[in-house]
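First to last, the protein sequences are chains A and B. Mapped onto this note's numbering, the consecutive letters of the first sequence carry residue numbers 3 to 119. Mapped onto this note's numbering, the consecutive letters of the second sequence carry residue numbers 221 to 334.
Errors might be hidden in some of the hints.
Calculated pairs, DSS-like style, for lysine-lysine (alpha carbon to alpha carbon, straight line, at most 27 Å) [unchecked claim]: (1) A:LYS118 to A:LYS72; (2) B:LYS234 to B:LYS303; (3) B:LYS318 to B:LYS290; (4) B:LYS318 to B:LYS291; (5) B:LYS277 to B:LYS291; (6) A:LYS118 to A:LYS18; (7) A:LYS75 to A:LYS118; (8) B:LYS234 to B:LYS291; (9) A:LYS72 to A:LYS5; (10) A:LYS75 to A:LYS5; (11) B:LYS318 to A:LYS5; (12) A:LYS5 to A:LYS106; (13) B:LYS277 to B:LYS303; (14) A:LYS106 to B:LYS234; (15) B:LYS318 to B:LYS229; (16) B:LYS229 to B:LYS303; (17) A:LYS106 to B:LYS303; (18) A:LYS106 to B:LYS277; (19) B:LYS277 to A:LYS5; (20) B:LYS291 to B:LYS229; (21) A:LYS106 to B:LYS290; (22) A:LYS72 to B:LYS318; (23) A:LYS106 to B:LYS318; (24) A:LYS106 to B:LYS291; (25) B:LYS277 to B:LYS229; (26) B:LYS277 to B:LYS234; (27) B:LYS290 to A:LYS5; (28) A:LYS75 to B:LYS290; (29) B:LYS318 to B:LYS303.
Rather than coming from a laboratory, the hints here were simulated on the basis of the structure.
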Amino acid sequence: AQKITQTQPGMFVQEKEAVTLDCTYDTSDPSYGLFWYKQPSSGEMIFLIYQGSYDQQNATEGRYSLNFQKARKSANLVISASQLGDSAMYFCAMREGYSTGGFKTIFGAGTRLFVKA
Amino acid sequence: DGGITQSPKYLFRKEGQNVTLSCEQNLNHDAMYWYRQDPGQGLRLIYYSQIVNDFQKGDIAEGYSVSREKKESFPLTVTSAQKNPTAFYLCASRRMDKGNSPLHFGNGTRLTVT
């Protein structure tokens with residue numbers, strides 16, 4: 003069965019520094035996608051970045067990059083040059099490929115990031 | 221602008237009453253989803269639908285029901301059979317033609333049952 007694990011309930015980072023949020027996953031499907039979402043205190047979910055299981059390069063989107071280590075089944079989110087507005091809950095999520103349905107996206111428990119001024 | 225609208229933002233009900241949460245999207249997405257979020261926890265899938273008049277149970281469907289009579293609408297009913305209904309409910313949708321399409325979320329409905 004597919005599973006997402008985020009082992010850091012909370013993280014602190016100094017403004018302007020980089021921070022890595024950990025995510026490990028488990029799936030038997032060779033085709034899958036990994037997503038990161040941000041949830042500010044207002045509650046809305048904001049899509050940040052996507053990595054496909056067959057992508058050769060790590061995904062990047064502005065200050066966000068994904069450190070994808072397929073053999074270790076990890077997909078860590080790296081936020082560079084942290085800003086106060088980055089303080090939020092961050093969720094790692096996975097969707098398996100169409101060979102096993104491909105319609106469900108499951109989420110990890112999340113990591114709450116606090117950016118200090 | 222296209223998006224997903226969930227209403228109301230806050231909902232209060234007495235125990236034993238059924239309550240329906242609204243979710244409407246104008247993104248022309250085929251797939252729609254309902255998730256439940258409890259404090260400090262991740263999102264758990266309740267129901268999802270890929271096409272009109274069809275839907276499937278997620279991981280925690282007991283005590284909930286849905287309908288998908290129109291592509292744009294996917295209402296969720298929290299029945300009196302749901303033992304712990306107080307939670308934050310998020311509706312989402314996505315395109316089905318691309319495997320890398322992300323979920324688009326509404327702003328959520330916070331349900332409190334006393």
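Exercise. Among all the numbered hints in the text so far, which are the ones the structure does not match?
Worked result: Hints 1, 7, 8, 14, 15, 27, 28 and 29 contradicted; others consistent.
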